[in-house]
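In order, the protein sequence lines correspond to chains G and U. 63 is the number of the first residue of the first sequence in our numbering; add one for each residue after it. 207 is the number of the first residue of the second sequence in our numbering; add one for each residue after it.
Rather than coming from a laboratory, the hints here were simulated on the basis of the structure. In this text, a Cβ means the ideal position worked out from N, Cα and C, and glycines have one as well. Any given hint might turn out to be false.
[Unchecked claim] Among chain U residues calculated to face chain G with C-beta under 8 Å, some are:
id: 1; residue: Gly217
id: 2; residue: Arg218
id: 3; residue: Leu237
id: 4; residue: Thr264
id: 5; residue: Ser267
id: 6; residue: Gly270
id: 7; residue: Leu287
id: 8; residue: Leu299
id: 9; residue: Val321
id: 10; residue: Ser325
id: 11; residue: Leu338
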Amino acid sequence: MRAIALALESALAPGHDWRRSAADLAVEVAAPLVDKAPIDALFVAAPSALLVDGQAAQGALLADRLGLAKLPCYQLEAGDASGAAALHAAVAQVGAGLARAALVVAVSKVSDRSERERAALLDSLIDREIEAPLGLTYQALCGLLADLYVARHGLKAGDLAHVVAKNAANAVAGGETFLPHAPTAIEVRRDIPVAPPLVRSDFAPLFDTATALLVAEMPLARELTAAPVEIAGLGAAGDLTVIADRSDPLRLEAAARAVDAACGKAGIDGLAFLEVSSACSILEILAVESIGVAAPGTTAGRYKDGLGRAGSPLVINPGGGAQGRGFGFGASGLEQAREALLQLGAGAGKRQVEAASAAGATALSVCVGGIGSQAFATMYRRAGS
Amino acid sequence: MSQNVVATWRGRASLLGREGWQCGACMRFTLARRRVCSGCGALGRAEQAPLPRRGTVTALSLAGAAVEHLDQVTGRKPAVLVELEGGARIACLLAHADSMTLAAAVRGQPVRLAVRRISLAVDASEPIPYGLKAALDLETRAALKKDAGGEGKKE
Chain G
63 MRAIALALES
73 ALAPGHDWRR
83 SAADLAVEVA
93 APLVDKAPID
103 ALFVAAPSAL
113 LVDGQAAQGA
123 LLADRLGLAK
133 LPCYQLEAGD
143 ASGAAALHAA
153 VAQVGAGLAR
163 AALVVAVSKV
173 SDRSERERAA
183 LLDSLIDREI
193 EAPLGLTYQA
203 LCGLLADLYV
213 ARHGLKAGDL
223 AHVVAKNAAN
233 AVAGGETFLP
243 HAPTAIEVRR
253 DIPVAPPLVR
263 SDFAPLFDTA
273 TALLVAEMPL
283 ARELTAAPVE
293 IAGLGAAGDL
303 TVIADRSDPL
313 RLEAAARAVD
323 AACGKAGIDG
333 LAFLEVSSAC
343 SILEILAVES
353 IGVAAPGTTA
363 GRYKDGLGRA
373 GSPLVINPGG
383 GAQGRGFGFG
393 ASGLEQAREA
403 LLQLGAGAGK
413 RQVEAASAAG
423 ATALSVCVGG
433 IGSQAFATMY
443 RRAGS
Chain U
207 MSQNVVATWR
217 GRASLLGREG
227 WQCGACMRFT
237 LARRRVCSGC
247 GALGRAEQAP
257 LPRRGTVTAL
267 SLAGAAVEHL
277 DQVTGRKPAV
287 LVELEGGARI
297 ACLLAHADSM
307 TLAAAVRGQP
317 VRLAVRRISL
327 AVDASEPIPY
337 GLKAALDLET
347 RAALKKDAGG
357 EGKKE
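Next comes chain U alone, as it looks inside the complex (with noise of 0.2 Å):
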């Protein structure tokens, strides 16, 4: 995935600062400014907020590019939606996504927002993307391998 150095450098509130827009008439959260609120139609409250950092996931899925005639499928990405505290929203990738067994049992958990290294894919001349994954804890993610049989000894 290519960024735009100067796309990445305008977007580094959101990117990586975690902050988001808050309606200041129903407070109500989104990711991206609007001059109209979605939700009460306020025009002109958006303010830039700290997007809550803890959430539960509530969708998942391994998306990854069909390769033609190959009837493969490459560079696996964990992506989730997750519902934050306060209302908010946000869909992202999951950080610790390096066991797919663990990734398929994080619906339901509990993650929190973590600036993190998007993609590795990058040529030599580009930035390093980074940006916000949604990420266990430290105990989730324990009781998780242990669920999985103890797949995480190989991490």
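For reference, chain G alone in the conformation it holds in the complex (with noise of 0.2 Å):
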């Protein structure tokens, strides 16, 4: 495959913004980027639109929006993993020579609905075949892992808010977030219980955000930009929709494969950081644990301990992730690959990875679609001049 990069970002700050459609934002966020770049197609992740507003086909209504409609546009479906899901298949398009630029581009709409109504749009991710009907919801069944991941492992259930406090330190210190301040351990277990051992801050927020990125050919990608980030890997995977049916429910198994894929024999070992989901604390731990970068049972102690956090040997979640930027239904996959751009291209300011800026720098980003149902790794490597 031909050398593909990401050469360009913009992104919206997650909020609640009543005054602006799924259509709006798109519009604000992709402007900027076709604006600079000469785009062959359009990739569209905005799983929250069928759901919030009943619009099916929102790729084509943002197509029009954003003055693109006599393009090629795709709209990628992928629940919570929509946004890397289109990102890989921008990467393919320009890949096998089909376009020279893709520009990517994600929408989450939720705040037209309550926030028990948002929570429903969580239970969306779940099997609605099996586990449904059987009264469960998305919560329940992370409140349920969580639950056991702390018995096999003979921790306490506080020790799981380690991971808030590092994503929300993260964030905090990077300078782009919805909190006001970054909560500690302590104050996270504090939270009121949603589902225990899981407390309301273990559920990252959802927000209305939005986020494009421009993907193209190296060349283009130079032209564009003195500090493209090359594509270096992509692996995506499955998994048993029905957790219960699992072999082990505490294993991510899609997100291992995932990463073997995207990695290969390369590995994960000097990655300057990592970008890993956290919609749920239990889900960014058993990803973590899964493909290797801590042994089963030790995520939430080796946090407690300063891995992940900025200056550790290993970043997790620089910018702080969904849990500490906030979470837009569908656009984390893509929000970390931009998270992946600025870091190793043009700087990330203050929470700028000092290994990331080194040349041949690489980072990997491993975005979870539901509840491990599927995963969307991507390798990314600083590019030389």
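Hints are included, so try docking the two chains, each in its own frame, into the full complex.
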């Protein structure tokens, strides 16, 4: 495959923006890229559109509003991992020579609904044939996994709080966050139990947001920016959607397989940083352990000791991930790639990871869909001049 | 929770009949019917079979829904993960969960699968959702209530 790179990025700060529609968000986030680059194809991730607005084919609508209606437009639906799926499809399109530059836009527009209805959006991620009729919800299943994890490894429920504390600390230090301050693990433990042992802040808050990235063949990317970031590997995999049917519910097999495919023989050693889904604390823990960054049962303790925080040997979610920055439903996977473009490219400001500035530095993002039913891994490399 | 009438009718064997799927090659039980066995990879060997009725609770969560700005959680439902005899596993709600103290004590306890009402929150025009729940034996309930300091007297 030809050398493919991320060239341009744009993102909106997550929040509750009742004044603007999904199309408004898409235009605001993507217009700066459309104005700069010769775009051949559009890839859209907007899984909330059908559930919140009743809008199918949201990709066509966004292409219309962006003035790109004549271009080929593809909409990818992989639940909360839709952004990562759209990115992978765009890379494949450019890699196959079907486009020189592809625009990827992810939009999360959820604030038109109440918090309870937004929770129902998460419930759309579980197996609706088997799990939902049994009365289970996304939060209940995450709670069960967390309880099983705590019991299996002899931990205390409060140990999980180090995930939120780490992500919040990175987000507040990094400057892109909805949090007024970074709660400590002790403060997180005092939060409202939502699905014990998980508390409210263990579930990343769903927000309106949008992210746009330009994927281009490397020569064009170099024309558009002095600091493109090469896509060094892609991997995607799935797993059984019924959690109880999995051999080990505490192993995210999809994440493990996706990372193996993306990293190949190089493995995960030497990464400048890692982006991993933090829609729920237990999912981040299980992903980190399933891909081999930490041994089973040790992640919370290692986070407590500093792993993952800014300045540690491996920074995990330098921007705070969905828990620290805010959760864009279907946009978080693209947000991971945007962080990689900033960190390995033009710079991420005060949250810049030092190792990411080195020549040839690499980073990995792991976007987990639902409760591990899908995963998309992307390896990035700082492009030399 | 709203349940589609046709989907309920279609899934009656698993929801009401306590049926799962068993691979004819490796005998692995699963809740979903799959073309390829997730255990041994056998093709087209899944056959509908009664799920083992008894098992042990291995995980519990009292999951509710957060209410924005009110710092409250409503509609708590005890969900359990149950290791069934014969190697099957199911995640479902727990029956007899009117006492949260009782629910919190069920880890490691034996349960059986029973058909129970899943939810009260239904529209009058919708069918009442029934499905599988994990239910404690009378003896276990009595013992847990005793350990909980007589909370069961309220029930």
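Non-conforming hints, listed in increasing numerical order: Going through the list in order, the structure violates hints 2, 9 and respects the others.
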